[in-house]
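J.: The lines below spell out each chain.
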Amino acid sequence: MSALQDFWRWRRRDTVLAIGALTLVALFPLAISNPLDAKLDFAIYAVAYSIFALGLNIVVGFAGLLDLGYVAFYAIGAYSVGWFASDHFAYINHGKGIHIGVSGLASTLAGIHFNFLLLVVAAMIIAAVLGTLIGLPTLRLRGDYIAIVTLAFGEIIGTIAFNGDSIKAGRYTLTEGPTAISPVDQPQIPGFSQLDSATSLRGYFWLGLAMAIIVLIVNRSLRDSRLGRAWIAVREDEVAAASMGVPLVRTKLLAYAVGAALGGAAGAFLGSYTNSISSDQFVFSFSIFILAAVILGGLGSIWGVVLGAVVLAFIERYFIPDVLDKINIQNKIGLHFAFADLGFGIFGFLLVIMMILRPEGLFPERRRKIELTESATADESLYEVRA
Amino acid sequence: MLLALPVRYVIGDLVTKGSLVSLGNIFVAGISNGAIWALVALGYTLVYGIIELINFAHGDVFMIGSFASYGFFGTVGLTLATGALGLVGGLVLTLLVAMLTCGALNVMIERVAYRPLRNAPKLAPLITAVGFSFILEDVGQLWLGGSQHGVPDLIRGQAHLFTVFGISIDREDVLAVGVTIPLVILLTGFVARSRLGKAMRATAQDPEAARLMGINVDGTISLTFLIGGLLAGAGGLVYALYQTNIWYFQGFRAGLIAFTAAVMGGIGNLRGAVLGGFIIGIIQQLSDNRIGAEWTPVIVFSYLILIMTFRPQGLLGEEIREAG
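These protein sequences, in sequence, are chains A and B. For the first sequence, our numbering begins at -17 and goes up steadily by one. For the second sequence, our numbering begins at 2 and goes up steadily by one.
These are computed hints drawn from the structure, not numbers from a lab. Some hints could be false.
Derived coverage of chain B by chain A (criterion: at least 3 residues anywhere in the stretch with Cβ under 8 Å from a Cβ of chain A; other residues may be distant) [claimed, not checked]:
no. : stretch
1   : 21 to 30
2   : 106 to 119
3   : 201 to 213
4   : 257 to 271
Glycine included, C-beta positions come from ideal geometry on N, C-alpha and C.
Build out the structure end to end from the sequences listed, making use of the hints.
T.: As structure tokens, then:
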């Protein structure tokens, strides 16, 4: 009984802390006077990567299926924006375009123009269908064989995106390949003013943060749901889970589908923000980057992967390009090189260091921590029984 | 449909051209390309077999092998004008240097990035591997710059050597196969027969039990990385001479393909890795010549998914986990 009370008290403290932290984060843009500051750019990437990481965490962290092709869903999300919020299909409806839920400039342009919220829904549906398809051939596979099949799908999607300018249907190409589909519409959220990255980045940050918070809540409730427990059971021991009546096929496919849908949503957001959808973005290193955020943060731990994503976004978008080059330490000690050339190497070095210092991740999942100390508790209870 | 594709080409060629020479040439090019992938794939499969780690840095170790070979050409003064005897001697020397460089590098990486994580969660060393891959790519970029770098065509690789059934065999084909096959035979013999090979197999099967039997597990793992690195170094030299173009990013592609080859053949299985390397080499050449080079990754990975769907254990299965 007291354990239950403890649990609720703990739970409430956790919620209060979370709300406090998120409020502080939401106020962050106001603390920066320049609405186009590089710190805001970093913050937008941080929330976008957080959504990606939370999505991948469902597949890798909860269900224990190593996915090395997560970039596929970034591509799907971004291309949903490219297809349905730009003049890519310029001749549609006799050049007048199709407009749903958009006003202002976007409603006057040729091509298909959907409202951002519709784009997110479309991206999530397409990604979820694709995620299920990717999941199908991996069902019979075990361990790292799953990794290579997901990797293969990621590469196939990336290659199709790259060669998409030669896939034609009538007057339209599938993608523009390495030359980007650009510009795309800037999001319009009903009840808010039109976002414009040319004048202020704050709106993008708040939009991304709102999406991240929704995803965070979804992730939390999923983890504590029947489905979430099934995922963790499959992760811990597939055979045992199956014999306890967990439907393996449905459980695994749902993990892929949900993870993919979140990736699609994040892709739609990031695609809108970067304002150009080019195949160069959809490379294997992106899958690895998000996976690194998940593992670095703490596999399966919701706050951990958010932290991991923020840390990596900080290193990639702010620390290496902005901070290191300004200190100019290399010239002071008599060496002459630009840190920008070393970006990859520094990133790799920091990955190695952080992983060796915190092999369990920055913020390990509570359940995992319990498992790691399980043997000690097991001995204790055994002792009690004997006594 | 994909499985029928090669058959379609055979029949199509017989009907339209009346001979299989053009397919034969593709096949030979595929074999010699595949030989390079096989050398790299062996490194993946050895390491995976023994510590169940996808060693993402391995492709970049291979890249360093190419770079070290290129650098050493200059050191020993190998140029296009070098005579035959000097050339062979110089190349053998370069081969040794490239192999030792990569072997030492691989052992160092294991010591620094994987050994401290031996008891950590399974995916932690995956990330340090990625970290080292980035570091090595950066080293490569600083070494020879960010674009493709030409290598002197020392062996005049395209020079025709002899003809079998109308299929022309070039010098580069002989080089690739001539380096790979002896190394593979040597390696499988070592793993299957020698005392250290036995220790490797034992460690792969059960590190704890191996330790109890008095096997130096850490030493055995280092040895595995050494062998993987030696093979990657050899692959690096062959690649440099074969492609006559090297760049810092080559290891990434090669690593992806070689890892795919290792999985296709059944990861942990030495013969499987070599078989997978050859198969992927042939598929690539076929696709490059008949479908279009830009679609080759799609074709290769589609074959992989197909094979995984019907043989989840890879082609040569896991009946016996050699070298782990």
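J.: Could you run down the list of hints and mark each one as holding or not?
T.: Hints, one by one, checked against the model:
Only residues whose beta carbon comes within less than 8 Å of a beta carbon in chain A count, and the stretch 21 to 30 of chain B has 0; fewer than three means the coverage is violated. Counting residues of the stretch 106 to 119 of chain B whose C-beta sits closer than 8 Å to any C-beta of chain A gives 4, which meets the bar of three, so the coverage hint holds. Closer than 8 Å: that is the beta-carbon criterion, and the stretch 201 to 213 of chain B has 0 residues meeting it against chain A, so the requirement of 3 is violated. Requiring three or more residues with a Cβ within less than 8 Å of a Cβ of chain A, the coverage given for the stretch 257 to 271 of chain B holds, as 5 such residues are present.
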